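Those protein sequence lines, which keep their order, are chains A and B. Counting in the numbering used here, the first sequence runs from 1 upward without gaps. Counting in the numbering used here, the second sequence runs from 1 upward without gaps.
What the hints contain is simulated information worked out from the structure, not anything from laboratory work. Heads up, some of the hints might be wrong.
[Stated by the list, open to error] Keeping only pairs whose Cα atoms sit at most 27 Å apart, straight-line, the calculated BS3-like set for lysine-lysine is:
| hint | chain 1 | residue 1 | chain 2 | residue 2 |
| --- | --- | --- | --- | --- |
| 1 | B | 155 | B | 51 |
| 2 | A | 121 | B | 155 |
| 3 | B | 35 | A | 121 |
| 4 | B | 51 | A | 51 |
| 5 | B | 51 | A | 121 |
[What the hints assert, rightly or not] Example chain A residues on the side facing chain B (calculated, C-beta under 7 Å, incomplete):
| hint | residue |
| --- | --- |
| 6 | 45 |
| 7 | 116 |
| 8 | 141 |
| 9 | 148 |
Being a predicted model, the structure only gives us computed values, none of them experimental. Positions of the beta carbon are idealized from the N, C-alpha and C atoms, including for glycine.
Protein chains: 2
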Amino acid sequence: MGRWEPNARGRLEQAALELYVERGYEQTPVAEITKRAGLTERTFFRHFADKREVLFGGSGGLEELCEGAVAAAPASATPMEAVAGALDAAAVVFEERGDLVRLRQGVIDANAELRERELTKLASLSGALADALRARGVDDLTARLTAETAIAVLKVAFRRWIDEGQEPALRPLLAECFDVLRTASARGAVDAG
Amino acid sequence: MGRWEPNARGRLEQAALELYVERGYEQTPVAEITKRAGLTERTFFRHFADKREVLFGGSGGLEELCEGAVAAAPASATPMEAVAGALDAAAVVFEERGDLVRLRQGVIDANAELRERELTKLASLSGALADALRARGVDDLTARLTAETAIAVLKVAFRRWIDEGQEPALRPLLAECFDVLRTASARGAVDAG
Chain A
1 MGRWEPNARG RLEQAALELY VERGYEQTPV AEITKRAGLT ERTFFRHFAD
51 KREVLFGGSG GLEELCEGAV AAAPASATPM EAVAGALDAA AVVFEERGDL
101 VRLRQGVIDA NAELRERELT KLASLSGALA DALRARGVDD LTARLTAETA
151 IAVLKVAFRR WIDEGQEPAL RPLLAECFDV LRTASARGAV DAG
Chain B
1 MGRWEPNARG RLEQAALELY VERGYEQTPV AEITKRAGLT ERTFFRHFAD
51 KREVLFGGSG GLEELCEGAV AAAPASATPM EAVAGALDAA AVVFEERGDL
101 VRLRQGVIDA NAELRERELT KLASLSGALA DALRARGVDD LTARLTAETA
151 IAVLKVAFRR WIDEGQEPAL RPLLAECFDV LRTASARGAV DAG
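Looking at chain A on its own, in the form it has when it is part of the complex:
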């Protein structure tokens, strides 16, 4: 057993992100990350399965935050309102960490393997949102569709936020995307059957 290291996880995340930006993700071995963080490889692997997971360590917390927000939505909230509130809560976190979020996204965008992992994490978030909606009594089909639609909105709003230099803020972009979606859905698909 190693000794306890204060904020080892945060130090490893910070060191990894710096190195991924400076040298590229593929060119950064775990040994370099632990050297920069002043920690051992044993400590690294106590916190992360591999160097890819360093970038996605926050996704569990994000899921919990979103699930909690859906559960805490007023009883009168529609399913779409409940997930919109969840994304709004997530956006507050993204905005607070704006510069780090942008650096991290640059690393992900540059690597196909990381982009695949990101899509998997978003699929997991969709499943968590659908579970939270079903727990509110929402029927299965509406829960799945609303959750997948929320992820669609999140992807588009988040990408625009990153591409536009984080101005305007993410929260108004999310609201705008839900507005556009409402308009687009209202007249859509009448001849799809």
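Take the given structure of chain A and dock chain B to it, following the hints.
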């Protein structure tokens, strides 16, 4: 150069799918696929980058089909109507190949690496749909959101179609999903801003 093999690609796909179902994806080397198909490994790698791509060789054709359907939608069609028409065209193909589609999905569902690849292919399809909408003069934000929403609908309807033993057919499930989405979006997100 090898000699020309009639329908080599189709024979390799068929052999690979059979073996993936019988033995599992991970336990099937390329050499077994080519042996079953009566072809050489050289022929295999002329058609596919790796054994994973055998399962996704149709995705390029699916993208072209969907892009073509969006382009061919009446000028009066809304963006959502245009993508709904594209999914409807894709659903016809899925329904025609129902048993193969189900076998293939079972292989993908059983393997995390294949599930990640499937998500990447769906993201690519979303990009193609957005491009096709922009080519119709649809603004960028509406194009992206409509395309991502179409993928959301496709994922949910397709999953239900597979889970329910392909009855009812996929096309009515898609129409039902667009209906549910319209209802869910209409009252949603009013307090998201």
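Hint check results:
For a cut-off of 27 Å, the pair hint linking residue 155(B) to residue 51(B) stands: about 24 Å separates their Cα positions. A threshold of 27 Å between alpha carbons decides the hint, and for residue 121(A) with residue 155(B) the separation of about 16 Å falls inside it, so the pair holds. With a C-alpha separation of about 38 Å, the suggested pairing of residue 35(B) with residue 121(A) is violated against the 27 Å cut-off. As the CA atoms of residue 51(B) and residue 51(A) are separated by approximately 26 Å, the hinted pair is consistent with the 27 Å bound.
Proximity of residue 51(B) to residue 121(A) is assessed by CA-CA distance (about 24 Å); at most 27 Å being required, the pair is judged to hold. Because the beta carbon of residue 45(A) sits about 20 Å from the nearest beta carbon in chain B, more than 7 Å, this interface hint is broken. At about 4 Å, the closest approach between the beta carbon of residue 116(A) and any beta carbon in chain B falls short of 7 Å, and the interface hint on this residue holds. Proximity of residue 141(A) to chain B holds as hinted, the smallest CB-CB distance being about 6 Å (cut-off 7 Å).
Given hint, residue 148(A) at the interface with chain B, holds; its Cβ is 4 Å from that chain's nearest Cβ, closer than 7 Å.
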